[in-house]
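Residues -30 to -1, 1 to 95 (mature numbering (1 follows the signal peptide of the UniProt record, and there is no 0)) are what the sequence shown spells out, left to right.
Treat the hints loosely; a few may be bogus.
Claimed, not checked - Taking lysine to any residue and the SDA-like style, the derived pairs with C-alpha atoms no more than 25 Å apart in a straight line are:
| # | residue 1 | residue 2 |
| --- | --- | --- |
| 1 | Lys5 | Thr69 |
| 2 | Lys46 | Gly67 |
| 3 | Lys13 | Val32 |
| 4 | Lys58 | Asn21 |
| 5 | Lys5 | Gly53 |
| 6 | Lys65 | Cys41 |
| 7 | Lys5 | Cys41 |
| 8 | Lys58 | Pro72 |
| 9 | Lys5 | Arg73 |
No wet-lab data here; the hints were simulated from the structure.
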Amino acid sequence: MGKNDTRVLMRFAVLTMVLTAAITVKEVTSLTLCKIDTDDMQKCRPAVTGNNPPPPVNECCVVVKSADLACFCRYKFYLPILGIDPSKVAALVAKCGVTTIPRNCRDLENKVILRFVFAQLEERD
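Model the full structure from these sequences, guided by the hints.
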């Protein structure tokens, strides 16, 4: 197993332990991850799931703009496990008016930015 594979597995294990601990502790009603309360993340869920997600609501964009995106992007490879399409997250960030993409999200951005631009052009036709 390569060094990068080990790091990914370790991050996943830590994330799993944190989420498990949060679920088992009854007093905890939500978890803060990358400056986002997990309850607040639900405001954005419709905009990043399904085949034709609706535009983000204003409350979702407030959450996106307050998030530590560099931190959040460390978990981008785990998003499909939660039923979230990473390309839709990149589109969501753009739709909310965030123009500065952290370096660790650039690979995510580069893969989807053209799809997002073409989708916007198709909507105009």
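Comparing the hints with the structure gives:
no.: 1; hint: Lys5 with Thr69; in the structure: 19 Å, holds
no.: 2; hint: Lys46 with Gly67; in the structure: 20 Å, holds
no.: 3; hint: Lys13 with Val32; in the structure: 10 Å, holds
no.: 4; hint: Lys58 with Asn21; in the structure: 10 Å, holds
no.: 5; hint: Lys5 with Gly53; in the structure: 21 Å, holds
no.: 6; hint: Lys65 with Cys41; in the structure: 20 Å, holds
no.: 7; hint: Lys5 with Cys41; in the structure: 9 Å, holds
no.: 8; hint: Lys58 with Pro72; in the structure: 16 Å, holds
no.: 9; hint: Lys5 with Arg73; in the structure: 18 Å, holds
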